[in-house]
Amino acid sequence: MNKVLELTKIFLKTSFSSMNAKMGVSTKFRGKFVLYGLLFVYFAGLIIFLSYNLLEGLIAINQEAIFIAMVLFMIFGFAIFQSIFSSINILYFTKDTEYILPLPLKPYQIILARTIVMLIAEYALIFLVGLIPLTTYGILTGVGIAFYIKMILAVILIPILPVLLINIIVMIIMSFAKLTKNRNRFQLIASLLVLVIIIALSVSMNGIKGDVSNEEMAQMIVQANGMLEMVKGYFPTVDFLINALTTNLVNVAIFEFLKTILITIVAFAVYMLIAQKIYFKGLVGNLFGGGYRKSNKEIKQKEFSNSKLYKSYIGKEFKCLYRNPVFLMQCLLPAILIPIVIVAITYTSLNSKETMGELTQMLGQMQVNTFTVACIILGIIQFFTMFIYISITAISRDGENAVFIKYIPVSLYKQYMYKIAPNIIMNVITTLISLGLAKYILNLPIITLILLLIVSTIMGILQSILMIIIDLKRPKLNWDSEYAVAKQNFNLIFPMILSMINIIILVGMVILLKDINIYVGLLILGLLFTIITIVVNKYMKKNQYELAQKII
Amino acid sequence: MIKVENLTKKFVRNKSKKEKEEFYADKDITFEAKDGEIIGILGPNGAGKTTLLRMIAGILEPTEGKISFDDMNYQNNEIEIKQKIAYLSGNTKLYDTLTTYELLRMCCDIYGVSKEESEKRIKEIAKVLVMEQFLYNKIANLSTGQTQKVNIARCLIHNPKYYILDEATTGLDIISSQIILNFIKEERNKGKTILYSTHYMEEAENICNKVIMINKGEIIKSGTPEEIKKDTNTTNLRDAFFTMLGGVLDEE
Chain E
0 MNKVLELTKI FLKTSFSSMN AKMGVSTKFR GKFVLYGLLF VYFAGLIIFL SYNLLEGLIA
60 INQEAIFIAM VLFMIFGFAI FQSIFSSINI LYFTKDTEYI LPLPLKPYQI ILARTIVMLI
120 AEYALIFLVG LIPLTTYGIL TGVGIAFYIK MILAVILIPI LPVLLINIIV MIIMSFAKLT
180 KNRNRFQLIA SLLVLVIIIA LSVSMNGIKG DVSNEEMAQM IVQANGMLEM VKGYFPTVDF
240 LINALTTNLV NVAIFEFLKT ILITIVAFAV YMLIAQKIYF KGLVGNLFGG GYRKSNKEIK
300 QKEFSNSKLY KSYIGKEFKC LYRNPVFLMQ CLLPAILIPI VIVAITYTSL NSKETMGELT
360 QMLGQMQVNT FTVACIILGI IQFFTMFIYI SITAISRDGE NAVFIKYIPV SLYKQYMYKI
420 APNIIMNVIT TLISLGLAKY ILNLPIITLI LLLIVSTIMG ILQSILMIII DLKRPKLNWD
480 SEYAVAKQNF NLIFPMILSM INIIILVGMV ILLKDINIYV GLLILGLLFT IITIVVNKYM
540 KKNQYELAQK II
Chain P
0 MIKVENLTKK FVRNKSKKEK EEFYADKDIT FEAKDGEIIG ILGPNGAGKT TLLRMIAGIL
60 EPTEGKISFD DMNYQNNEIE IKQKIAYLSG NTKLYDTLTT YELLRMCCDI YGVSKEESEK
120 RIKEIAKVLV MEQFLYNKIA NLSTGQTQKV NIARCLIHNP KYYILDEATT GLDIISSQII
180 LNFIKEERNK GKTILYSTHY MEEAENICNK VIMINKGEII KSGTPEEIKK DTNTTNLRDA
240 FFTMLGGVLD EE
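Sequence order for the protein chains is E and P. Numbering-wise (numbering that gives the first Met the number 0), the first sequence opens with residue 0 and increments by one. Numbering-wise (numbering that gives the first Met the number 0), the second sequence opens with residue 0 and increments by one.
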């Protein structure tokens, strides 16, 4: 068991190596702690707000227990979604596999350690989306201490089964299907599948209107409860845990928990048995490539026909992004994915005649071509673009190869600019999608849309420059899995912080220049962000060598 | 000619959880590599070879000392120097999502090789290094030997004047190593200046005009292989190396 714990510690350390010993200075730790704290407070506040509104409606019709079922199913769903990606990466595509295999470890020890790492990764998110709404429920309904103990137990138990289930499915596929031995193709298909599911879910939710009262919302949830009742049978542990959390009888709760624990233990035992038989079969096949080269088609020469340095360099950046599924999914796709989901939801919602009529009537009564509306649109774009992680990982993505930039005859500043170009391009794409939506709903004049595009692009350039500076100052060059750069990377918090600061600036501008003409207002905004961008750009140019000091 | 004068690199490392200490990765290194010479840099792991070559390649800034390439230095002619050097370190998979061909084309663009010329050079190098079979395969899928060939091809693509090669034959089989060693010799015969660090003493003895032995960041011996063997009263560089290391250990 000691070996399992040691191995788990190593896996966790390599996964979260951004918090390594190098950064062990207390002030930095405090800074991180404060930043994480702020973000936690922000999202927790959002979840509490939503839960509170929902629960108010449910309490009014005495149906608050449905809320528990909803939250538990949500945790179950989250666990499944997250496992699809983390399973394939943690089990098969970490670079340490070839070092781990020759070690004197028993197969079950490796599998167990990997599974524990996956579960820990799951809990980080699940505690946020699970514990907070359930605590809100507890406070609003005035339940006793026993509920909170039951709640923690339930949140710990729920993700185990989905993780095991997904792991087994992945292992079976990896053992038998040749296609999945091609990492890129497998992850691309998985990514697209998730994309389709997200859009389908968004579209299917079109019946939910934005301005429903709590009572109406509660009614809708009661209807949805019928569906949950149907599904329950397929997920016995969730059903038992719902019963455990909603009952007031201690013995019933204990019995439900015992059933859940028993099923989980049996499932774990079965999982370990199957995994020991099939995990290494797929893993060794994957290590040695198995059919990998056959699937690797020749790339025609004409694909790389230009000889301009900037095109070549930016082309290389894009290729490295879209040919790597993790970077594609984490850095590139969000720019398109998030606005598309929003567009899909809005489009399907507005397509109902009733809603469209209401909206047309509402918009007819108000003036939309105002500075306030323009700032709201810019704020929404800021929200969308904070998930583009291209610039913030521009140096770290290259890993140990980052040193290449230091011995080629191209100035470092130029290379930084080439590296952030994809971020700026994706930023423009996100902006265009968002403005298209704004045009559809608000029917804004073209001149306003063009000005918004310009201001948003300047903000995007500023974001890109600032983010590469941060990545240069805090690069993460020694990593085993791309996830360490594109997901488990502390630096990813900075685009979020910058977007929040930008949103605060926009709010400040609205307060200061409330009744200003929209064009003058946008011009002032554009000028403000241009000045900041020039200053930051000058800083980067002047300190191009100092900034690259950590790349060795 | 590459001229290195009193080159020193100081780093700070953690002595304990709270304490830090300074140490010299390289101290007071001085040597010259003339045109048409291969200078072998030899030393055990941690001796300071890689740091030295990284400083010469412009990756690390020296704490003290000077590096000049003919009449150029990094302070005034950084881009010109980088245009003329080829740096190769260990066994790295540079941009492994690209194909070999794409990587070489990108390097041609970086070094300003024209489109027509780069097509010609890629074909030539692919033939010399026997790379035609995997020219259009992604680098991630190549074997260690094939990857190292790609790295070497990347270095050769812009016809550099100075080569800085850090363990260029590591991980290669005898045939691949020989191809590369022959190529290095040919480049020397064309008047190129080559700095070559290696763990393989026989290799150094065969191809190097001069050898610099480094231990703990300091030069412990330099000269032609013949001079070193004579001075240490040994018959090969391996024994000479151990004799020199033994001497240093004795002194401590």
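It should be emphasised that the hints constitute simulated quantities derived from the structure, not laboratory data. Just so you know, even glycine gets a beta-carbon here, dropped at the ideal spot from N, CA and C. Treat the hints with caution; some may be incorrect.
Label pairs and their in silico Cβ distance ranges [said to hold, decoys possible]: (1) E:Asn477 / P:Thr242: 42 to 52 Å; (2) E:Ile533 / P:Ile173: 55 to 65 Å; (3) P:Glu185 / E:Ile533: 25 to 35 Å.
Subject to a maximum C-alpha distance of 30 Å in a straight line, what follows is the list of computed DSBU-like cross-link-like pairs (lysine-lysine) [to be verified]: (4) P:Lys83 / E:Lys413; (5) P:Lys83 / E:Lys405; (6) E:Lys8 / P:Lys17.
Practice task
Identify every previously stated hint that the structure contradicts and give their numbers, smallest first.
Solution key: 1 and 3
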